[in-house]
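Engineer: Just so you know, full-length UniProt numbering puts 37 at position 37 of the sequence shown, and the rest follows in order with no gaps.
Simulated from the structure, these hints should not be mistaken for lab results.
Keep in mind that the hints are not guaranteed to be accurate.
[Stated by the list, open to error] No farther apart than 27 angstroms at their CA atoms in a straight line, the calculated lysine-lysine pairs in the DSS-like style are these:
(1) LYS49 x LYS107
(2) LYS107 x LYS86
(3) LYS86 x LYS61
(4) LYS34 x LYS107
(5) LYS61 x LYS74
(6) LYS29 x LYS61
(7) LYS74 x LYS29
(8) LYS107 x LYS29
(9) LYS34 x LYS61
(10) LYS74 x LYS34
(11) LYS34 x LYS86
(12) LYS34 x LYS49
(13) LYS86 x LYS74
(14) LYS74 x LYS107
[To be verified] If you anchor each label on the Cβ, the simulated ranges turn out as follows:
(15) ILE33 x ALA115: 28 to 38 angstroms
(16) ALA114 x THR50: 19 to 29 angstroms
(17) ARG96 x ARG53: 40 to 50 angstroms
(18) LYS86 x ILE59: 40 to 50 angstroms
(19) SER121 x ASP62: 33 to 43 angstroms
(20) ILE33 x ASP62: 16 to 26 angstroms
(21) PRO87 x ARG58: 42 to 52 angstroms
(22) ILE59 x ALA114: 46 to 56 angstroms
(23) LYS34 x LYS61: 42 to 52 angstroms
(24) ARG103 x GLY47: 20 to 30 angstroms
(25) LYS61 x ALA112: 14 to 24 angstroms
(26) ALA32 x ALA106: 38 to 48 angstroms
(27) THR50 x LEU98: 23 to 33 angstroms
(28) LYS29 x ASP64: 47 to 57 angstroms
Every residue, glycine too, gets a C-beta built ideally from N, C-alpha and C.
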Amino acid sequence: RASSLRPARARARGRVVMTDADAPTLRPKRYAIKFNPPRFVLEYTDGVKTRTRSVSLRIPKDPDVPRMARAIIKTFPRRLDFNGVKPTQVERMLVRLLEHETRAAAKARAVANAAEASAASASGAA
1 RASSLRPARA
11 RARGRVVMTD
21 ADAPTLRPKR
31 YAIKFNPPRF
41 VLEYTDGVKT
51 RTRSVSLRIP
61 KDPDVPRMAR
71 AIIKTFPRRL
81 DFNGVKPTQV
91 ERMLVRLLEH
101 ETRAAAKARA
111 VANAAEASAA
121 SASGAA
């Protein structure tokens, strides 16, 4: 057989393995954030199926948003069409998530302070 007539697939232990030339490019469709627990979600399509990639986030005390956005984008599938992934959009969503985390932490502190104040006033009245 002439090698030019062979399909661009390689066989490995009985399984068909797709080469990069055969691999379909994945197109991002939309992004989402989940607040609890903090996650970044990418929905993408390969032309046939719609799939999602979810990335758990650990939020440091001093977050570097551009660096976090680059790290999230690196976790996306390699065949993803990165022209459809805008780092600024990922950064904006991260900022929203960080603002939510800040508000949630402030609210938790306020509830804890109110509980302490009511406990202190109850013990002082007795």
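Engineer: With reference to the structure, classify each hint as holding or not holding.
Structural biologist: Verification of the supplied hints:
1. LYS49 x LYS107: violated (41 angstroms)
2. LYS107 x LYS86: Violated. LYS107 to LYS86 sits at ~32 angstroms, over the 27 angstroms cutoff.
3. LYS86 x LYS61: holds (25 angstroms)
4. LYS34 x LYS107: Status holds; Cα separation ~18 angstroms.
5. LYS61 x LYS74: The given pair, whose Cα atoms are some 22 angstroms apart, holds under the 27 angstroms limit.
6. LYS29 x LYS61: Not OK: LYS29 and LYS61 at ~31 angstroms, beyond 27 angstroms, violated.
7. LYS74 x LYS29: Holds, because 17 angstroms separates the two Cα atoms, which is no more than 27 angstroms.
8. LYS107 x LYS29: Outside the cut-off at roughly 34 angstroms; violated.
9. LYS34 x LYS61: holds (19 angstroms)
10. LYS74 x LYS34: Cα-Cα ~19 angstroms, so holds.
11. LYS34 x LYS86: Within the cut-off at roughly 19 angstroms; holds.
12. LYS34 x LYS49: This hinted pair holds, its Cα atoms lying about 23 angstroms apart.
13. LYS86 x LYS74: Between LYS86 and LYS74 the Cα gap is close to 13 angstroms, so the pair holds against 27 angstroms.
14. LYS74 x LYS107: Violated, at about 33 angstroms.
15. ILE33 x ALA115: 28 to 38 angstroms: Given about 30 angstroms between the Cβ atoms, the range holds.
16. ALA114 x THR50: 19 to 29 angstroms: violated (45 angstroms)
17. ARG96 x ARG53: 40 to 50 angstroms: About 19 angstroms separates the Cβ atoms of ARG96 and ARG53, which means 40 to 50 angstroms is violated.
18. LYS86 x ILE59: 40 to 50 angstroms: violated (22 angstroms)
19. SER121 x ASP62: 33 to 43 angstroms: holds (37 angstroms)
20. ILE33 x ASP62: 16 to 26 angstroms: For ILE33 and ASP62 the Cβ distance comes to about 20 angstroms; the hint holds.
21. PRO87 x ARG58: 42 to 52 angstroms: violated (20 angstroms)
22. ILE59 x ALA114: 46 to 56 angstroms: The hint (46 to 56 angstroms, Cβ to Cβ) is violated, given that ILE59 and ALA114 are roughly 25 angstroms apart.
23. LYS34 x LYS61: 42 to 52 angstroms: violated (21 angstroms)
24. ARG103 x GLY47: 20 to 30 angstroms: Given a distance of about 40 angstroms, which is not inside 20 to 30 angstroms, the answer is violated.
25. LYS61 x ALA112: 14 to 24 angstroms: holds (19 angstroms)
26. ALA32 x ALA106: 38 to 48 angstroms: violated (24 angstroms)
27. THR50 x LEU98: 23 to 33 angstroms: holds (28 angstroms)
28. LYS29 x ASP64: 47 to 57 angstroms: violated (27 angstroms)
Hint compliance for this structure: hints 1, 2, 6, 8, 14, 16, 17, 18, 21, 22, 23, 24, 26, 28 are broken, all remaining hints hold.
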